[in-house]
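Q: The opening position of the sequence shown corresponds to residue 29 in my numbering, with each subsequent residue numbered one higher.
These aren't lab readings, by the way, just hints derived from the structure by calculation. It cannot be assumed that every hint is accurate.
[Claimed, not checked] In silico EDC-like links for lysine to aspartate or glutamate, alpha-carbon gap of 16 angstroms or less: (1) 96 <-> 172; (2) 147 <-> 93; (3) 59 <-> 131; (4) 108 <-> 124; (5) 165 <-> 93.
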Amino acid sequence: KDLNKPFDFPKFLDKKLAKEKLEKTKKYLQKSILESKEFIKKTQTQLQKLRYTLEKNDKNFQTLEKIKNDLLNLFKEFKKLKLFNELCQAIYFHNECEILKFEVLNTNKQKENLIDFLKIQHNWFIQGLGYLDTQNKTIEKSLENWNFDDIAKK
Numbered sequence: 029k030d031l032n033k034p035f036d037f038p039k040f041l042d043k044k045l046a047k048e049k050l051e052k053t054k055k056y057l058q059k060s061i062l063e064s065k066e067f068i069k070k071t072q073t074q075l076q077k078l079r080y081t082l083e084k085n086d087k088n089f090q091t092l093e094k095i096k097n098d099l100l101n102l103f104k105e106f107k108k109l110k111l112f113n114e115l116c117q118a119i120y121f122h123n124e125c126e127i128l129k130f131e132v133l134n135t136n137k138q139k140e141n142l143i144d145f146l147k148i149q150h151n152w153f154i155q156g157l158g159y160l161d162t163q164n165k166t167i168e169k170s171l172e173n174w175n176f177d178d179i180a181k182k
């Protein structure tokens, strides 16, 4: 309508409402970090089992198959971490390609391919968990710097 003023000025929330929204955001971030840390701990346990099994001279392929299925389930769970979902698209895609490659090429050399696949999964999860841990620390540091009392005073 008014071509002289094509943009509205931002409408600021009143102080009480702004503080409530920030508190809600803080709780959401803290919950997301807690979920992420629980996921990291659960995954690290599974990766320890994998390392132990791969280091054995006599490899039990039933155990390796179970670990593979557990890792695939953990990958699905990783993709459900809400806060980090969009941040992790590139690393999701990389692992989905590895899973697809394993499923398509898994023909004659099933045992060899399984071991190679599990080594790739191990490395991928180590990188993914490192990424999650870094994001957690960054968000935690930001939350430490938030001072909600300042909002109420202004």
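Q: Does residue 93 lie within 16 angstroms of residue 165 when you go C-alpha to C-alpha?
A: violated (34 angstroms)
Q: Are the Cα positions of residue 59 and residue 131 separated by 16 angstroms at most?
A: violated (35 angstroms)
Q: With a cut-off of 16 angstroms on the C-alpha distance, tell me whether residue 108 and residue 124 pass.
A: Holds: residue 108 and residue 124 sit about 14 angstroms apart, inside 16 angstroms.
Q: Take a quick look at whether residue 96 and residue 172 sit within 16 angstroms of each other, Cα to Cα.
A: Violated, at about 38 angstroms.
Q: Straight-line Cα separation of residue 147 and residue 93 no greater than 16 angstroms?
A: holds (13 angstroms)
Consistency note: the structure conflicts with the earlier hints numbered 1, 3 and 5.
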